[in-house]
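There are 2 protein chains.
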Amino acid sequence: MLSKNKLKYIRSLELKKNRREEHAFLAEGPKLVGELLGHFPCRYLAATAEWMDAHPGIAADEVMRVTDEELARASLLKTPQQVLAVFGMCEEEPGADFASLVRGTLCLALDGVQDPGNLGTIVRLADWFGIEHIFCSPDTVDIYNPKAVQATMGAIARVRLHYVPLAMLIATLGEDTPVYGTFLDGENIYSRPLPTGGGLIVMGNEGKGISSEVGALVNRRIRIPNYPVGRATSESLNVAIATAIVCAEFRRQCDR
Amino acid sequence: MLSKNKLKYIRSLELKKNRREEHAFLAEGPKLVGELLGHFPCRYLAATAEWMDAHPGIAADEVMRVTDEELARASLLKTPQQVLAVFGMCEEEPGADFASLVRGTLCLALDGVQDPGNLGTIVRLADWFGIEHIFCSPDTVDIYNPKAVQATMGAIARVRLHYVPLAMLIATLGEDTPVYGTFLDGENIYSRPLPTGGGLIVMGNEGKGISSEVGALVNRRIRIPNYPVGRATSESLNVAIATAIVCAEFRRQCDR
Numbered sequence: 001m002l003s004k005n006k007l008k009y010i011r012s013l014e015l016k017k018n019r020r021e022e023h024a025f026l027a028e029g030p031k032l033v034g035e036l037l038g039h040f041p042c043r044y045l046a047a048t049a050e051w052m053d054a055h056p057g058i059a060a061d062e063v064m065r066v067t068d069e070e071l072a073r074a075s076l077l078k079t080p081q082q083v084l085a086v087f088g089m090c091e092e093e094p095g096a097d098f099a100s101l102v103r104g105t106l107c108l109a110l111d112g113v114q115d116p117g118n119l120g121t122i123v124r125l126a127d128w129f130g131i132e133h134i135f136c137s138p139d140t141v142d143i144y145n146p147k148a149v150q151a152t153m154g155a156i157a158r159v160r161l162h163y164v165p166l167a168m169l170i171a172t173l174g175e176d177t178p179v180y181g182t183f184l185d186g187e188n189i190y191s192r193p194l195p196t197g198g199g200l201i202v203m204g205n206e207g208k209g210i211s212s213e214v215g216a217l218v219n220r221r222i223r224i225p226n227y228p229v230g231r232a233t234s235e236s237l238n239v240a241i242a243t244a245i246v247c248a249e250f251r252r253q254c255d256r
Numbered sequence: 001m002l003s004k005n006k007l008k009y010i011r012s013l014e015l016k017k018n019r020r021e022e023h024a025f026l027a028e029g030p031k032l033v034g035e036l037l038g039h040f041p042c043r044y045l046a047a048t049a050e051w052m053d054a055h056p057g058i059a060a061d062e063v064m065r066v067t068d069e070e071l072a073r074a075s076l077l078k079t080p081q082q083v084l085a086v087f088g089m090c091e092e093e094p095g096a097d098f099a100s101l102v103r104g105t106l107c108l109a110l111d112g113v114q115d116p117g118n119l120g121t122i123v124r125l126a127d128w129f130g131i132e133h134i135f136c137s138p139d140t141v142d143i144y145n146p147k148a149v150q151a152t153m154g155a156i157a158r159v160r161l162h163y164v165p166l167a168m169l170i171a172t173l174g175e176d177t178p179v180y181g182t183f184l185d186g187e188n189i190y191s192r193p194l195p196t197g198g199g200l201i202v203m204g205n206e207g208k209g210i211s212s213e214v215g216a217l218v219n220r221r222i223r224i225p226n227y228p229v230g231r232a233t234s235e236s237l238n239v240a241i242a243t244a245i246v247c248a249e250f251r252r253q254c255d256r
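One line per chain: the protein sequences are A and B, in this order. First residue of the first sequence? That's 1 in this note's numbering, and the numbers climb one at a time after it. First residue of the second sequence? That's 1 in this note's numbering, and the numbers climb one at a time after it.
Don't take each hint at face value.
[Unchecked claim] Taking lysine-lysine and the DSS-like style, the derived pairs with C-alpha atoms no more than 25 Å apart in a straight line are: (1) B:Lys31 x B:Lys147; (2) A:Lys147 x A:Lys78; (3) A:Lys147 x B:Lys208; (4) B:Lys4 x B:Lys208; (5) B:Lys17 x A:Lys8; (6) A:Lys147 x A:Lys17; (7) A:Lys16 x A:Lys147; (8) B:Lys208 x A:Lys31; (9) B:Lys4 x B:Lys17; (10) A:Lys78 x A:Lys16; (11) B:Lys31 x B:Lys78; (12) A:Lys147 x B:Lys78; (13) A:Lys16 x B:Lys78; (14) B:Lys78 x A:Lys17; (15) A:Lys78 x B:Lys208; (16) B:Lys31 x B:Lys16; (17) B:Lys17 x A:Lys78; (18) A:Lys78 x B:Lys78; (19) B:Lys78 x A:Lys208; (20) A:Lys78 x B:Lys147; (21) B:Lys8 x B:Lys147; (22) A:Lys78 x B:Lys16; (23) A:Lys147 x B:Lys147; (24) A:Lys208 x B:Lys31; (25) B:Lys8 x A:Lys78; (26) A:Lys208 x B:Lys147; (27) A:Lys147 x A:Lys4.
Please keep in mind that the hints were generated in silico from the structure rather than gathered at the bench. Predicted, not measured: the structure shown is a model, and the values here were computed from it.
Isolated chain A, as found in the complex (with noise of 0.2 Å):
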């Protein structure tokens, strides 16, 4: 039976203020929270005896067997799915050495992107292509918002985020290390080899791109370039797509 507090403390991990009282987030669906599991400790799951019969011994601080109508009460997602927890957050380690982390290895940066289902769709291509530390801005969406949560479709477990003043991480690389951002009118990546080594790819808010403070960070401005080149088209690319594409030429490049 799920009482009606217990409804009350899910349903107010929407907010991130609550989440981060809690030091708590949301997350669910089978595949999701099978991912999450042994990653994050699980301080609450709900499912369904169907899900639960099939996965017993299931370390979490609390579980309980739920309806389907009961589920479909505490889930945020329009097709609720069998199961539903929450896990207590990773803590940053204090005095991490992000420096050394960007010179010795691409990192993704975020200036400001602010729709959750890009959020979590970049954690997942980041997970993809080996990208293991995405730094965001202090404006970046949370990635504990339940919906970017469900687009990592589980990536948020092996790919750590930072939300740190970028153009402050930017002046700590020193002048040598790559700090790449596209721009509209950067030069089209294909043109020149890009670096196998260590670097930061700086993506941009959904609207407006990436801030003046950190445009004037990046020393090589980079651009998807469109084809036919010149034909009138769409002004811009989704900013997980942009970061998939950038990605996928990095990594191509590093695998010759």
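Mind docking chain B on chain A? Use the hints.
For chain B alone, coordinates are given in the frame of chain A:
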């Protein structure tokens, strides 16, 4: 003044059944409406005084000045944006020779894509990459779904979508027309040159991928490699992301 009947009409266009009956669809926001005006017949347009004053001489069957509150009541968006319009659909030309189209130019085929945001995003990126025709299986989500329309960001004015049984279409192409499909066990997309002429790129459903019926007709099975190869990672990419990476690679090779 927005009448109750008008409000009911606008909101009714959320449903495919009503859109088909009315041959009409909804679009919102200055950028999107601006792009669609002139491409689709505008049946009805409601906008704030601010937008109206900046856009005199709008060619629409009916134009209405509304308050922010009235707009908010009609809008399907979380944040209503100054203008909302109902457009008439483009009708499919009867007797179009789809096989010749595919043999002459690179086209996309979507086999059961369900999420309207994914579909709209694919239309937007197809536009970016100069792909003018997308064939959709009949169970693919309707491109005139308001969320799909919004995600196209106006590209729906330039890219044509054709809802046809894909197996029937592919059967008419002849064996020497390349039909690409992405599969987890396909060949690395970077390992062999891609053709620079016509052909079809088939992309599948979000959860199930390409149907077995259509998959059996694909003559070039390809795969986007993850990085580093063989690393445990997300099982798959979002369908719009995968479509973007494949299209970008086709176009990169065309431009060499």
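Here's how the hints hold up against the structure:
no.	hint	result
1	B:Lys31 x B:Lys147	15 Å, holds
2	A:Lys147 x A:Lys78	12 Å, holds
3	A:Lys147 x B:Lys208	21 Å, holds
4	B:Lys4 x B:Lys208	42 Å, violated
5	B:Lys17 x A:Lys8	36 Å, violated
6	A:Lys147 x A:Lys17	16 Å, holds
7	A:Lys16 x A:Lys147	12 Å, holds
8	B:Lys208 x A:Lys31	13 Å, holds
9	B:Lys4 x B:Lys17	21 Å, holds
10	A:Lys78 x A:Lys16	21 Å, holds
11	B:Lys31 x B:Lys78	16 Å, holds
12	A:Lys147 x B:Lys78	15 Å, holds
13	A:Lys16 x B:Lys78	18 Å, holds
14	B:Lys78 x A:Lys17	20 Å, holds
15	A:Lys78 x B:Lys208	19 Å, holds
16	B:Lys31 x B:Lys16	24 Å, holds
17	B:Lys17 x A:Lys78	20 Å, holds
18	A:Lys78 x B:Lys78	17 Å, holds
19	B:Lys78 x A:Lys208	19 Å, holds
20	A:Lys78 x B:Lys147	15 Å, holds
21	B:Lys8 x B:Lys147	18 Å, holds
22	A:Lys78 x B:Lys16	18 Å, holds
23	A:Lys147 x B:Lys147	16 Å, holds
24	A:Lys208 x B:Lys31	13 Å, holds
25	B:Lys8 x A:Lys78	23 Å, holds
26	A:Lys208 x B:Lys147	21 Å, holds
27	A:Lys147 x A:Lys4	23 Å, holds
When each numbered hint is compared with the structure, violations occur for hints 4 and 5.
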